[in-house]
Amino acid sequence: MRAAPTMAPDDLGRRVLAHLRPGRDGWLTTSLTIVLVAVALGVSALLLTLTGASPSASLSAIWTGSLANTTGWTTTLLNAAPLLLVAVGAAICASAGTFNIGQEGQVLIGGLFGAWVGLRLALPGPMLVVVVMAAAAVGGGLWAALSALMYRFRGVNVVVSTLLMTFLAIQLVTFAVSTPWLQESAQGSSGIADAQSNPLPADALLGGLGQYPSMQLNAGLFLALVAAVGVALVLSRSRWGFRVRMVGLNPLTAKHTGVRVAALGGFTLALSGAFAGLAGGLLLASPVSPNRLQAGLSDNVGWDGLLVALVARNRPLIAIPVSFGFAVLRAGGDFLSATGVPYYLVDIVKALLVLAFVAPPLLVGLLRGRRGATPPTPFPLPAVPTKMKAAV
Amino acid sequence: MTPTTSAVPILELRGITKSYGSVTACDAVDLRVEAGEIHGLLGENGAGKSSLMKVLLGLVRRDTGTVLVRGEEVALDSPQEAAELGIGMVHQHFSLINGLTVWENVALGDTGKVNKQAVCDGIAEVSARYGLPVDPEARVDALSAGERQRVEVVKCLRRDPQILILDEPTSVLTQAESQELFAVLDRVVANEGRAVILISHKLAEIAQATDRVTVLRKGRVAFRAVTSDTTPQLLARQMVGREVSLGEEGAALGLLPVQQTRAGHDGAHDRQQAVLRLAGLTVVQGGVEVLGSVDLTVGAGEIVGLYGVEGNGQSILGDVLAGLVAPTEGTIEVAGNRVDVTRPGALSKAGLGIVPEDRHHSGVVLDMSVAENLTMKSLDEVSGRFLLRRRATLARARRLADEFNIVTPSLDAPVRSLSGGNQQRVVLARELSGDTRVLVAAQPTHGLDVGAIEDMYARLRRAADEGVGVLLISTELEEVMALASWIAVISSGRISGALPVSEATPERLGMLVGGEAA
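Chains A and B supply the protein sequences, listed in that same order.
For the first sequence, my numbering begins at 1 and goes up steadily by one.
For the second sequence, my numbering begins at 1 and goes up steadily by one.
Careful: at least some of the hints might be erroneous.
So the derived label-pair ranges between C-beta atoms look like this [claimed, not checked]:
# : chain 1 : residue 1 : chain 2 : residue 2 : range
1 : A       : W27       : B       : G280      : 54 to 64 Å
2 : A       : P22       : B       : R390      : 51 to 61 Å
3 : A       : V43       : B       : A326      : 46 to 56 Å
Derived, one-sided and incomplete: chain B residues facing chain A with beta-carbon distance under 7 Å [unchecked claim]:
#  : residue
4  : A322
5  : G323
6  : T342
7  : P344
8  : S362
9  : M376
10 : S383
11 : F386
12 : L387
13 : L388
A few chain B residues that don't get close to chain A, going by computed Cβ distances all over 12 Å [said to hold, decoys possible]:
#  : residue
14 : V8
15 : T64
16 : V69
17 : A225
18 : D465
19 : E466
20 : E503
Since the hints were derived computationally from the structure, they do not count as laboratory data.
Beta carbons are placed, not taken as given, at the ideal position from N, Cα and C, and that holds for glycine.
This is chain A alone, in the form it adopts within the complex (with noise of 0.2 Å):
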């Protein structure tokens, strides 16, 4: 068998993961994100003119659908909970310097798990709902493992499995839902049954929070808080957590103080999977689904959420508003799509917006690479192109 690669650690994640990484930011830092936001309005504004719509309407649409009225702010937190737990996840494994980005496909698979013990388990009352959560956990953890054992056994680059783990999740949750295993029962007089699973039982969905019909909020969101806050603390003051960002500061020095540095980082990739999983079953028992399982569920949750890391620079705390905000934007997108606006222009708006936040970093660190703004390395520079005449 070929040794495992413990002494390489993931380059590609680990490079960008360090541009990310919070603390080095300075002034330019700060005023190329703020220019670039500015930008990125701008471009949004254009746009929507280009495609006929008002700009100060759709805003108006996006506060209406997010935050105008009670319906609208709870759909508004209810889509930051499932959001802020992929988000922590993120942030756990970014922190032993893995980069995970197959939390959409780590979302559905937590939702198949999480749907099958739902609609198989008979458990009374609130038993079933934790069940169902904790197996979407465990689906999504899994799911995230078999990367971590591709890396460890046979030295798959982590960022390109997980990614690519994703697509073979949306094809094993098509074919669940294709096939008597999962698939709905016929209905209505048609006999037809749609690519979908059953919905779950009453038992098995969060309940909404006291008796106030268009007050939808549930514990997912308190879930999702006491996880953020619970991870930020592990993290910082933890000796597990302080293994943890070992890993993912030098790998090399952990290793020598005595740290399994490859089962660490292996366990955080499981871990932050689990938190996506968790999301998915999140999603399955909570009124922004048709609680059902279907190839839809995610919904994107997993792309967002990895983007409100991105833009939190993988600090779970800093996550909780972004992850409100793109809430935002998803609640008051769908009210936007509802009075004409193509959905996809809210996905470019978000786009623009993670691009202004995520690349004034990593330029400015290019930026100080390339003019030696920095102090000296200590590595060794790289070779020195040379342009010469054909010698001798």
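Assemble the complex: chain A is given as a structure, and chain B must be docked to it using the hints.
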């Protein structure tokens, strides 16, 4: 004090200043290099030598100052421009690609169609002219460090540079190889009127090989002279900025210690009380034996030097002892107990501390705080079952920082913000804390200034006096001769001989380094 010179020097730097943020690496540096001379550029680490050369190669832009090549002012905005002006450099660390053959490496960076025959002919011509035998068809990873250096020099000379810069070229060479290199450089300047700039921090080398010398200190030109008019002592004083003794400090500067300052410890060489015993240690990587059956014993309270030229297996031995690489065969005993090296951290738990060769690589976590770096190996003492205890962490770190004179703005400052010498002290403090029986110090003074080097020597001595066995892995002959009581020599991954320091001479060690019996 400038010697008589021809009217137009081949290279002249006037008032070169280069700052990185608040740090001024070069401060109004003037340098004048004549055609046909080997010009030594001497200075401690951080004196500004490398920054000056980066300016000269167009790798970084100078803040102020002018560069004249053959009397004409040039911009030097890019490496391409420097190359076109005929400025070539042999870097300290190899810039060769291992998987390619020699001729492919030499052709790298050429423009236009690659013609293998023409490249090989060029290599043969350069080889013959300067006496630098290389095989164009050999793969670079099969070559020894000395051969690789030769390829670098050939690669550079084939481009026909008028000004050839060599950055610490002898750090990977045996003494015999160094002599050969200097002979080649003599031919380059004497017969063809080129200029050579030889960068070094080793006094003996500068004194031997150069025609004129410029000494940099803290970014400024401290001294310039015709080499034959100076003495190593004078150069040493100019380099450090104060009087230096020729014992310990001389060793730190690359001069052989005049007298054995370590009398009395020769007899303490007690093999009965071995605290570190390596037996048949072998590492095979990618089918190549990089470490071959190494046997080595270090007794309590003694300093054993492992001397050899860079790239002869010291790095891999360091990795094994740091617990980063598992040996293919062989055993390691610490304080009489055989250590299961497959268990993470087993060596440190057994009482082995190591100052690794590259502290940024495996010694410190640059982005963690000084306190965290000082306590990362003793988490049991500074945390409960689950949570870290900040007060305990800081108290322990404070104690170590005081004991080892670590200069830091605060214990919460990242190690990245410390000077090299203080970073090295952080590593040393951490590795000596706890119940350390053996300390492995791999190239512990690389990249440090003289003050920090002396401090390191004193601390290694003190550790030995307190009964710790010290294994000093070093490429600096002077360092080993000044500190160790017993010297083993490593060559091509094998121990080629060992002898007490009283019997060691540079000549005998040189032969062992070359793999011959002495």
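Hint check against the structure, violated hint numbers in rising order
2, 6
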